[in-house]
Every structure is written in structure tokens, then in C-alpha cells.
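J.: Chains as they are written, first to last, in the UniProt record's numbering: chain A, 1 to 176; chain B, 1 to 408.
Source of the hints: derived by calculation from the structure; they are not laboratory data.
Cβ atoms here follow ideal geometry from the backbone N, Cα and C, with glycine treated the same way.
Do not rely on the hints blindly, as some may be mistaken.
[Claimed, not checked] Part of the chain B face toward chain A, derived, beta carbon under 8 Å: (1) A134; (2) L138; (3) S262; (4) E263; (5) N265.
[As the list claims (entries may be wrong)] The list that follows gives simulated cross-link-like pairs (lysine-lysine, DSBU-like), each with its CA atoms no further than 35 Å apart: (6) B:K347 / A:K9; (7) B:K94 / B:K347; (8) A:K6 / B:K94; (9) B:K94 / B:K400; (10) B:K400 / B:K347; (11) B:K93 / A:K6; (12) B:K16 / B:K4; (13) A:K118 / A:K6; (14) B:K4 / B:K400; (15) A:K9 / B:K400; (16) B:K93 / B:K347; (17) B:K400 / B:K93.
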Amino acid sequence: MRNSSKRLKLLVGLVLLQVIVLLGLAFSYIAVDWYGKEIRLETAPVDPRDLFYGDYVILNYEISRLPDEMWHGGAAQPERGQRAYVLLRPSTEHPELYEAAGIYDERPDAGTEDVVLKARVEYAWDGNIELTYGFERYYVPEGTGKALEEQRENMQVAIKVAPWGQAKLSRLIIQP
Amino acid sequence: MSRKWLEREAPGWVDKEIISAVQAERLLSLYDEKKHAAGILPILGSLLVGLGILTFVAANWQEIHDLWRLVILIIVMSVFYAGGERFYRRGDKKLGLALAGIGLMSFGAAMFLIVQMFHLLNMQTTAFILWGIAGVLLTFLYRSTFIFILTAGILNVAQIYSLFSAGTFSVAALSILIIGLGAFWIVNRHAWLAWLLGVSLLLQSIMLVAEQNWNIVWFLIPALVIYAAGDWVHERNTSYPLQSSALTAVYLFGSFMVMFASEINPIGFSREELPQSAAFLIITAVLLVISLLGKWRNRRLNTSTEWVLLLPWFFIEGGAGLLYLLALCTFSLFVLWNGYAEQWRFKINLGTVLFLFAILLAYTRLAWAFMDKSLFFLVGGVILLLLSWYLNRRRRRFLKENGGETHA
Chain A
1 MRNSSKRLKL LVGLVLLQVI VLLGLAFSYI AVDWYGKEIR LETAPVDPRD
51 LFYGDYVILN YEISRLPDEM WHGGAAQPER GQRAYVLLRP STEHPELYEA
101 AGIYDERPDA GTEDVVLKAR VEYAWDGNIE LTYGFERYYV PEGTGKALEE
151 QRENMQVAIK VAPWGQAKLS RLIIQP
Chain B
1 MSRKWLEREA PGWVDKEIIS AVQAERLLSL YDEKKHAAGI LPILGSLLVG
51 LGILTFVAAN WQEIHDLWRL VILIIVMSVF YAGGERFYRR GDKKLGLALA
101 GIGLMSFGAA MFLIVQMFHL LNMQTTAFIL WGIAGVLLTF LYRSTFIFIL
151 TAGILNVAQI YSLFSAGTFS VAALSILIIG LGAFWIVNRH AWLAWLLGVS
201 LLLQSIMLVA EQNWNIVWFL IPALVIYAAG DWVHERNTSY PLQSSALTAV
251 YLFGSFMVMF ASEINPIGFS REELPQSAAF LIITAVLLVI SLLGKWRNRR
301 LNTSTEWVLL LPWFFIEGGA GLLYLLALCT FSLFVLWNGY AEQWRFKINL
351 GTVLFLFAIL LAYTRLAWAF MDKSLFFLVG GVILLLLSWY LNRRRRRFLK
401 ENGGETHA
């Protein structure tokens, strides 16, 4: 009997841990919403052509493929799977849109207007560096993906970036 | 099935006065099928409810606010854990563990819901890892093989997901598998757990080999390591499932070699591959020696026949497909033979199925001009007939010599 009451205590602890993990996951991203700075990114056409996959939309950005002159790392070329930091600056023509200014292997110092995003190098090939940021998917209600896909030509994406570096996709913006 | 058979046979034994009617009753009560059937139902039920919860998340429930969805899932999860503990405590352990299993499933479902709600693409592998850790802890908490199996499944899917979606091998998933479930297995030596653990380890090794773009044959090394380690384990019911997992993986590899011999490019002896091949052969030789010493120490040298499957036949260019086919057939016959020797029906059936499978594989090879398909089937059939004739003769002779007093 004593054994089973010890188990109960451990079980309660284990369930509480799981609840904390769930709440932690959720609130860390809600906090990004509260304290984050919103930036907008231009999307780029995706390959494969059909960007609607089940219940999510695949997003590709202008900053997903960058020329390798932007690389400022120790090695001549970044390695596949390597962590990288992308420095973003407001575009001169459209200040609400952000463009890449450089790729670094360590977090660079950023100006007040600048934003740094953490990325992963998918591959470096043919003068380009392909990067993923973790917001390449946008989950949509079932049946609404196709309508979004038709408007992808003039789509922008709003990203919230928290002061501590966490970034999340906050919404899709369809330009009229 | 055993009870049905017993019900049919027992009256005959009573008539022949081998056992009394009371003894027959007592024997029958040992094989209470009701108990057995009731054990399977909660497990199947829990799997269905678990799947239901997962699809519930995937389906649309857009109308509910994000936070409420989270609250609902946390409540569902806690209720299943609490219900599981309640039934477990009352002595209904199967149902209790089934409910705890659903609790674990809903923890995973809740994490993936959060991933969807916040479009957290790069958190998915982490979510799988956290899920696996919760599974390991729950396995230890209830000392349950059922939750062990669930957790092994979660960790293997985590690895597959990490590889196909993120393109990286998850060291975390492999470590939790080895450390977490490995520790549980060391404390609770259950035969099937050893097999499952071995198969999971080899599955993850194959994925590591694929991710690193190594030649596929390198996965044979971890398989050999597991096999050789099994030889050094004294207890037969621990070493046997462990070695079976390695043999299962190598049997599958052999089947692929038979079917796609020309498409798979194993390492050979060309100038740039020579160092790799030499290293492979040396490591294989060392492991085989270790295996042999273990067999010798535990007086199991007769199991060396299993090597027919483990040897690197792919080095023989041109004939690798045929050699692997012969290796599969020979190995299956050994299993069949040992099954008869040990009078173990499972092994006899397994050996027969493996042998028929190997023969069917021959059908996929149309390219062997020198050995016609029909000839191969003919030879296979004749071998089986000869084998059954020989085994029957041996059994009859054995019965005669022992005056019929045997359970055969």
C-alpha cells in the first residue's frame, strides 16, 4: 500500500510536469506576441508549385535563399545543417518590409531598427545559401488553403520577433 | 485455442483413466480464455481512443479559442491519467495501463495542437522528444511492457520524423531510447522487450547511416555488435531475443539485396573504396571472433550456423543477389530444423514461413538465366519434402527406441 501511494505522488508529479511543458510551450509563444516587434517579409514563389498541403500552406520567403556574398562566417562556406543568424534591415523603399543584410555564424550586433533571426542552413550551392527559419508553414482551417494559394502573388507575412530572439509567424497579409 | 483442444481431449483421458474427472476440471481452469480475451480488449480500446484523440486534433475545431482548446486537452489528459491510476489501484491493471497509455497519447496530441496553433515548425522534433521522455518516465512508474512498447514507437517515429521533415538525425531520440528504455530493460528482462529494443536500435542505425550518406552496408556493424553481445549473455531467454532482433534486421537486408541487388551499390574493392572495405572486413572479422568466443564460452557453438545470414556476401560482385537468396533459404531451414529439434512449434512455423518467403523472393529475380524460376521452386519444394520425410523418420525411430514413452 505504501508503494502505491508513493507511485501516486510520482504520477501527480509527472502529470504536473507534462502540464507545465504544455503551458510553457504555449505561453512562450504568447509572450512573443506581447513583447515582440512585428516585421513584414516578402514571400517568394515556392517549388513544388502546389503550396497547399492538407491543412497548412508552405511559405517561401525572399530571405529563404540569399546570395553567398552575404555570408560573414569563420569558414568560407556554411555547412549543411549549421545554425546561422540573419541580420534584417527595413527596406529603403517600403520601410515596413524587411530585407536581409547579412548572414553570420554568431549573433551579430544589431541597430535599433534591425532584427536578427535565427536560421538553419539547408544547403549552400551555386552561389546561393538556402535557409529555413521555422516559420515556413502556416496552418489553416481545412478548405481555406486553395483560396490563399491563388493570392500568393501578392502575399506578405507578418513575423513577431521577441527581444530574446524567439520568432513566430503572426499572420498572412494579402495586398489588395 | 489451447482450451478448445483441452476440452476435446480431456474426456478421452478421463475414459482411459489417465487423469480423474476432478483433475480434468482443474486442468481446464488453468486455461481460462475469458481472462485472456478481456486482457486484449482494453488495449485495443485504448489504441482506438488514442487514435481518436489524435484525429480530433487534426480535424477542425477552429471555433474554440486557442486557450480553451489547451485547457480541454490538459483536462482530458489528466482525467485519463487519474482514471488509469484508479483502475490500476483497484487491481484492474490492464485497463488502468490502457488508460494511462491514452493519457500519454493525449500529452502528445496536446503538444502537436500547440505546434499548430502557433505555427511552430521548428518545435516538432522537440515535442516528440518531450513526448518520449514522458513515455520513459511512465514506463518506469508502472513497470509496464505495454507503455514500453508505446514509448519505443514514439521514439522511433520521432527519429523518422526528424529525418524526413528536418533532415537531421536526432541524437536525443536515440539517447533516450538507449538510456531510458535500455535501463528499464536491464531492470526488467522481458524477452520481447529485448527484441523490440534491438529492432529499434537497428532502425535508428539505418536512419543514421542514411542521414550521413554512408553506404547502407554499414548498418550491418551495429547488427553484428548486438548479435555478438548476445553471445556473451549467459541466459538463453535474454540472448535469444536480442540476437533475433539482429537476425530480423539482417534477414530484411538480405531480402532487399535479393530484390534490388543491381540498384543497391554496396562497397566493393575499387581503389577509392578499398580502405572502407578493408575497415569493414576487419571490424566484421573481430566481431565474429568475439561472437565465436562467446558461443564457445556459453556452449552454444551449434548456433554458429546463424552466421550464414551475417556474413558479408555483398562483397562477391555479380553473385551477391543469388548468395543472399541461398543464405536466406539456408538460414530459414536452420530455424525450421532447430524448431523440430527443440520441439518448438513457433520456431517450426517461423522457419517454414521464412523459407517460403525466400523461395517467393526468387520469383522477383527474373535475371538469372542460368537458374530457371521453375527449377528454383522445384528444388525448394523437394528440399521441404525431403526434410519432412527425414524428420518423420527420425521421430519414428526415436519413438521406437524409447518405447513410445515420449510427448512427441
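J.: Indicate, hint by hint, whether the structure satisfies it.
T.: Tested hints:
no. : hint            : result
1   : A134            : holds (6 Å)
2   : L138            : holds (7 Å)
3   : S262            : violated (30 Å)
4   : E263            : violated (25 Å)
5   : N265            : violated (22 Å)
6   : B:K347 / A:K9   : violated (44 Å)
7   : B:K94 / B:K347  : holds (29 Å)
8   : A:K6 / B:K94    : holds (20 Å)
9   : B:K94 / B:K400  : violated (48 Å)
10  : B:K400 / B:K347 : holds (25 Å)
11  : B:K93 / A:K6    : holds (17 Å)
12  : B:K16 / B:K4    : holds (20 Å)
13  : A:K118 / A:K6   : violated (44 Å)
14  : B:K4 / B:K400   : holds (30 Å)
15  : A:K9 / B:K400   : violated (64 Å)
16  : B:K93 / B:K347  : holds (31 Å)
17  : B:K400 / B:K93  : violated (49 Å)
Figure legend: structure checked against the earlier numbered hints; hints not met, in rising order: 3, 4, 5, 6, 9, 13, 15 and 17.
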